[in-house]
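Novice: Keeping their order, the protein sequence lines are chains A and B. Position one of the first sequence corresponds to residue 1 (UniProt numbering), numbered consecutively onward. Position one of the second sequence corresponds to residue 1 (UniProt numbering), numbered consecutively onward.
Simulated from the structure, these hints should not be mistaken for lab results. Treat the numbers as computed from the prediction; the structure is a model and nothing was measured. Do not take every clue at face value.
[Claimed, not checked] Under the rule of at most 25 angstroms between Cα atoms (straight-line distance), these lysine to any residue pairs were calculated in the SDA-like manner: (1) A:LYS90 <-> B:ALA22; (2) A:LYS77 <-> B:GLU6; (3) A:LYS42 <-> B:PRO108; (4) A:LYS77 <-> A:ARG18; (5) A:LYS90 <-> B:VAL5; (6) A:LYS90 <-> A:ASN74; (7) A:LYS2 <-> B:LEU75; (8) A:LYS90 <-> B:GLY52; (9) A:LYS90 <-> B:THR51; (10) A:LYS90 <-> B:LEU75; (11) A:LYS90 <-> B:PRO31; (12) A:LYS90 <-> B:PRO108; (13) A:LYS90 <-> B:GLU6; (14) A:LYS90 <-> B:LEU106; (15) A:LYS42 <-> B:GLY52; (16) A:LYS90 <-> B:ALA104.
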Amino acid sequence: MKILIADDSRVMRQIVVRTLRQAGFGDHDLVEAADGQEAFDKTTAEKPDLVISDWNMPGMTGIEVLRQLRAAGNNVKFGFVTSECTPEMKTAAEASGSAFFIVKPFTAERFDEVFAPILG
Amino acid sequence: MSVEVEVDENDLAEMVEQVWEAYLDPEGVSPLMQTYDEHQPSEVHSSVSITGSWSGHIVYASSLAAAKRAAAAFLAMELDEVSEEDISDTLGELANIVGGNVKAMLPPGAQLSLPQVVLAPESSARYPNTERISGVYGLWEGEPVSISMWQSSTNTKEEGA
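Chain B with its partners taken away, still in its complex shape (with noise of 0.2 angstroms):
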């Protein structure tokens, strides 16, 4: 049985905001600026898998600028201090943030992964039968960022929820 998500890119836009608040721009100062662009490009990117009532991924893609601000934003300290793992860690848990947001989203009996970080373009990324459903594209303090929802085709319950 296939499944209508229920989650669209306003929904992701208002998670990106509340992260935004509470980790990445605390002051308000530097939001995302949504620029609508797909296309837009990336050189880091990370993902969680949801399986169950709704199947499919969602991926934060940056560039390395982007990631590295976002890990010295989290871990409070200088962009010259952020380390690879730093930044490997920080993707995680963003794309963690944003999948636990959207499962809870999504009707009973979705399964969230552990997230699954990958220092190369979101381009280098492949979702077998997945279609990008929604996704939020932007730019912050000049830098790309994007968060995106795929939907696996083979999207069926396995079970009564």
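Looking at chain A on its own, in the form it has when it is part of the complex (with noise of 0.2 angstroms):
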């Protein structure tokens, strides 16, 4: 499976990827991405099974992302990673079709909880 890593956060994208292969899934196809435009089109052209996005972005933020990837008919399972976790943020999340809502700071546990459902 290929899985796209969406983050600002040139530290975090890597923590995601080592907590990734902590919890098993090291064995994926792991592409990154450094800003929401770059998810946004990198989703699009290389057509990962599963995004892992930040919330809060430069220049598009990754809920933005995610309701422009559904509005041009894109249904890749989406989820986030993010430092904020707020009932708003999370109904707006799952209304926009999000599969899960991971907190930061978050362990290699959380991480097979969350994705071993997803990625088997």
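With the hints as a guide, bring the two chains together.
Specialist: Structure (structure tokens):
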């Protein structure tokens, strides 16, 4: 499977990659995007099976990426890894078709819990 | 309308503990030892601003050595491999994580900014019309680290949430 990791923080992209490996998902094809626009473009061009996105990014936020993808008819499995998690954000994410919401700081156990049903 | 902030030192301490457990001290061998000294020195700092239902700043400050150690832990590299960019990115992410967790505890309608990083002491920063309302101050392997919350005195709600 191909997984796209979108986060404007290089450090956080690296931590997400490492945590995926620790949780046993390191064999998947991992692609990175450094902002919302790049996330949208790469999701369209590279057709990943899963998008793990930050919420707060310059230019286009994660929720805007998700909404634009859905508006374009793209139904890729998409969810958030973010330091912010308010009820209104969760509601907005779910309403737009988000599959999961992981809060930073996270652990490999949390990744396993969320991604095992998706990645098998 | 001024808003009573519901995030106290214990909440901040709990967030800090989670960050240490997840990224900075996963083995549980070098926690942040609290000193309760809000005047401890720093050499670098990062911050995020929150506006809306509550307005103010969350500031992460530390010595350069502690920032370097944090970057090495975040990026799984040796201390001597850590670059200035690594330190800067790590400091930004630390402020972002704590700021996001603080925001989640505030009344609806708060917005979080992108982080700002300054490779200079926190004392060089100026947050006009703010007062420090809470903080966690400690030593991490002997190096100063602090996380503090500054509330804008003009804390008003612009519109109904």
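Novice: Please write out, lowest number first, the hints stated earlier that are contradicted by the structure.
Specialist: 2, 3, 10, 11 and 15
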